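**Student:** These are the residues of each chain, in order.
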Amino acid sequence: MEDELAASITIQGAVWGGAKAFTVTSGPGFSLMMEHIGYAAMTETPCVFVDVQRGGPSTGLPTLPAQADMMQARWGSHGDYGIIALCPNSPQECFDLAITAFNLSEEFRVPVMLMLDECVGHMTEKVIIPDAAAIDVYPRRFTHLPPGEFRLFEPREDKVPDMVRAGDGYRFHVTGLTHDERGYPSMNVDTQRSSVTRLLEKLQPFTGERALSETADLEDAEVVVVSYGITSRVAQRAIDLARQKGVRAGKFRIISAWPFPEKHIAALAPKVKAMVVPELNLGQMVHEVERAAAGRCKVRLVPHAGGTVHNPEAILKAILEAAE
Amino acid sequence: MSEQTLEIPCNIPADAVNPVEPFLRMDRMPHIWCPGCGIGTTVNCFTRALIDSHANLDKVAIVSGIGCTGRVAGYANLDSFHTTHGRAIPFATGLKLANPELQVVVYSGDGDLFAIGGNHFIHAARRNMDLKVICVNNLTYAMTGGQTAPTTPSKVISATNPYGVFEPAFNLVALAEAAGASYVARWTTFHVKQLSRSMEEVLRKKGFCFIEVISPCPTLYQRRNKMGDGLDTMKYYKQASKIRHGAPTAECDLTKSGEIVVGKFVDRDRPSYFEMLNSQMTETLGDRYAEPEVMCEQC
Ligand SMILES: Cc1ncc(C[n+]2csc(CCOP(=O)(O)OP(=O)(O)O)c2C)c(N)n1
Ligand code: SF4
Ligand SMILES: [Mg+2]
Numbered sequence: 001m002e003d004e005l006a007a008s009i010t011i012q013g014a015v016w017g018g019a020k021a022f023t024v025t026s027g028p029g030f031s032l033m034m035e036h037i038g039y040a041a042m043t044e045t046p047c048v049f050v051d052v053q054r055g056g057p058s059t060g061l062p063t064l065p066a067q068a069d070m071m072q073a074r075w076g077s078h079g080d081y082g083i084i085a086l087c088p089n090s091p092q093e094c095f096d097l098a099i100t101a102f103n104l105s106e107e108f109r110v111p112v113m114l115m116l117d118e119c120v121g122h123m124t125e126k127v128i129i130p131d132a133a134a135i136d137v138y139p140r141r142f143t144h145l146p147p148g149e150f151r152l153f154e155p156r157e158d159k160v161p162d163m164v165r166a167g168d169g170y171r172f173h174v175t176g177l178t179h180d181e182r183g184y185p186s187m188n189v190d191t192q193r194s195s196v197t198r199l200l201e202k203l204q205p206f207t208g209e210r211a212l213s214e215t216a217d218l219e220d221a222e223v224v225v226v227s228y229g230i231t232s233r234v235a236q237r238a239i240d241l242a243r244q245k246g247v248r249a250g251k252f253r254i255i256s257a258w259p260f261p262e263k264h265i266a267a268l269a270p271k272v273k274a275m276v277v278p279e280l281n282l283g284q285m286v287h288e289v290e291r292a293a294a295g296r297c298k299v300r301l302v303p304h305a306g307g308t309v310h311n312p313e314a315i316l317k318a319i320l321e322a323a324e
Numbered sequence: 325m326s327e328q329t330l331e332i333p334c335n336i337p338a339d340a341v342n343p344v345e346p347f348l349r350m351d352r353m354p355h356i357w358c359p360g361c362g363i364g365t366t367v368n369c370f371t372r373a374l375i376d377s378h379a380n381l382d383k384v385a386i387v388s389g390i391g392c393t394g395r396v397a398g399y400a401n402l403d404s405f406h407t408t409h410g411r412a413i414p415f416a417t418g419l420k421l422a423n424p425e426l427q428v429v430v431y432s433g434d435g436d437l438f439a440i441g442g443n444h445f446i447h448a449a450r451r452n453m454d455l456k457v458i459c460v461n462n463l464t465y466a467m468t469g470g471q472t473a474p475t476t477p478s479k480v481i482s483a484t485n486p487y488g489v490f491e492p493a494f495n496l497v498a499l500a501e502a503a504g505a506s507y508v509a510r511w512t513t514f515h516v517k518q519l520s521r522s523m524e525e526v527l528r529k530k531g532f533c534f535i536e537v538i539s540p541c542p543t544l545y546q547r548r549n550k551m552g553d554g555l556d557t558m559k560y561y562k563q564a565s566k567i568r569h570g571a572p573t574a575e576c577d578l579t580k581s582g583e584i585v586v587g588k589f590v591d592r593d594r595p596s597y598f599e600m601l602n603s604q605m606t607e608t609l610g611d612r613y614a615e616p617e618v619m620c621e622q623c
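Quick note, the sequences are listed as chains Z and G, same order. When we follow my numbering, the leftmost residue of the first sequence carries the number 1, and every step to the right adds one. When we follow my numbering, the leftmost residue of the second sequence carries the number 325, and every step to the right adds one.
These are computed hints drawn from the structure, not numbers from a lab. On a predicted model such as this, the values are computed, not experimentally measured, just so you know. Where is the CB? At the ideal position from N, CA and C, for every residue including glycine. There's no promise every hint is true.
Listed next, the in silico EDC-like pairs over lysine to aspartate or glutamate satisfying Cα-Cα at most 16 Å (straight line) [to be verified]:
1) G:Lys529 with G:Glu617
2) Z:Lys20 with G:Glu599
3) G:Lys479 with G:Asp577
4) G:Lys530 with G:Glu425
5) G:Lys383 with Z:Asp168
6) G:Lys529 with G:Asp591
If we take Cβ atoms under 10 Å as the criterion, some of the chain Z residues that face chain G in the derived model are [to be verified]:
7) Met1
8) Ile9
9) Val127
10) Ile128
11) Pro130
12) His144
13) Leu145
14) Pro147
15) Glu149
16) Phe150
17) Asp162
18) Ala166
19) Tyr170
20) His173
21) Gly176
22) Leu200
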């Protein structure tokens, strides 16, 4: 396509035509896609956006790493809506989470963001690609109701509606305007409240039981490093060094960053002295950690404006100070 | 109202149905358009084209952008998409690529297709993407209050140029031809027969087809320019239009109150996007190339 504005809506046309579709971008391209992330959220179009984060703002640091689009991924389009964001930290996980991203987009009918960073994006490592038959694919949930009985945005019990595709005789209507269960524009307070509330509520499971994370050494931890993407690999080194120095450091790696796994962080907070949050930005996900920890432990940001990864010593220093 | 008007016979049988009703979502009536607006006239022509083309309506999809014209998709009893401002063409491109058996019609306004969406228009025409693009050109951004659009002729008074437009306007038919469209025509809402026929023609034609329909916006354009109401505009279209099939599109500029050249200007065959894709891949890969199976029954 000619640009990111086009790519981000072409994929949605393809989805309503019956295909699975995704688009990939970095930096300014992600900014251009924002309107259509909102369109996908509003029209409940399952699709995947891959953002290989680089330093910003604006053209910023092409091909140098950052993790500074995390808030944009969550809030970048106007209005209230929810998305899912996943943060791989290796080429293998890029492969695995790309499949997860498609599956979750179908299950919850939301745009799913795969939030890489330049390091993970350019990394070369062994990737094991399983047989196609061994890959779990969540099929699109097409309605079984005949045309006439089917209502395009009538939610099932899990608050997610069934899908159709163009050409199957349903003669359905999709609009980015606030719409009723038939899909017809219905711009009033009641419809706005019920539809926008549902867009957020259907993702509630990701704050707890459906959240994806990787943890280690949490049982005895006094300080937990909360990190994601490439930074989690740098943090691992700092955790190991801290343990060598006798500080009981643990790991909480965020894999599903949005919705934020707040129930897990809230449960962990009273058990530890501090959480250390290294990010390749000047403080984004740390605000979520603080919100979930709600004062029950210290929360310490280790910022980095981007361009390289952290020096593990900087994270180690924060761990040692937090343990005091 | 004169006595004469009252005498018009109107013995409409109780069970009479307007022939276009099955093509419209009657549960969404009344529509939002103003009295005298030309958009409804174009929709009437479109439904007649659908009837005459005997298209399988389950396989026709309509995609609109945003604007008064953008609301057309919502009233058409087809698979219909009201997308974002300017992006109907890329959405339609995705729909067509995923399901090539669909006949995909893009129905939108001049501001939508040629200001914010202008880039997509030229690229889809360049690719000869199999889309039928119908542009209701009311020479303004109507829905937002009658601002100057890239189509507003010089000297016109608009919300954003209260002392007259001074930028040159796009000549849409020349733009479409230069970008590579396979079919280019222009009509006004006075030319209902010709417009229906053109629409029917593009429903049968392969490749990127473009029909511009000059249409009144009495509420914001004609009123502000003291050009009368919808009916006065019909009289102007009737008197000012010259049918010149095959006219060089470069000579078809529009002015505030001058001649309107209408007709079919371009009707040519260029390889479509899919043909170019398949031929290039076959040339390069030979037997190893399989046409993409984009439709996934299970997914
Ligand atoms: C990105 C964006 N910018 C601006 C708008 C506001 N807007 C709505 S309709 C419209 C103009 C539509 O003009 P046109 O396509 O000519 O349609 P008409 O109303 O004249 O039929 C604009 C600017 C919008 N919806 N989205
Ligand atoms: S504002 Fe103009 S274009 Fe829009 S419905 Fe009214 S007359 Fe038609
Ligand atoms: Mg207009």
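**Student:** So, for every hint listed, does it hold in this structure?
**Tutor:** The hints, checked one at a time:
no. : hint                   : in the structure
1   : G:Lys529 with G:Glu617 : 24 Å, violated
2   : Z:Lys20 with G:Glu599  : 23 Å, violated
3   : G:Lys479 with G:Asp577 : 14 Å, holds
4   : G:Lys530 with G:Glu425 : 12 Å, holds
5   : G:Lys383 with Z:Asp168 : 8 Å, holds
6   : G:Lys529 with G:Asp591 : 9 Å, holds
7   : Met1                   : 6 Å, holds
8   : Ile9                   : 4 Å, holds
9   : Val127                 : 23 Å, violated
10  : Ile128                 : 23 Å, violated
11  : Pro130                 : 18 Å, violated
12  : His144                 : 15 Å, violated
13  : Leu145                 : 16 Å, violated
14  : Pro147                 : 9 Å, holds
15  : Glu149                 : 15 Å, violated
16  : Phe150                 : 13 Å, violated
17  : Asp162                 : 14 Å, violated
18  : Ala166                 : 4 Å, holds
19  : Tyr170                 : 7 Å, holds
20  : His173                 : 5 Å, holds
21  : Gly176                 : 6 Å, holds
22  : Leu200                 : 21 Å, violated
Hint compliance for this structure: hints 1, 2, 9, 10, 11, 12, 13, 15, 16, 17, 22 are broken, all remaining hints hold.
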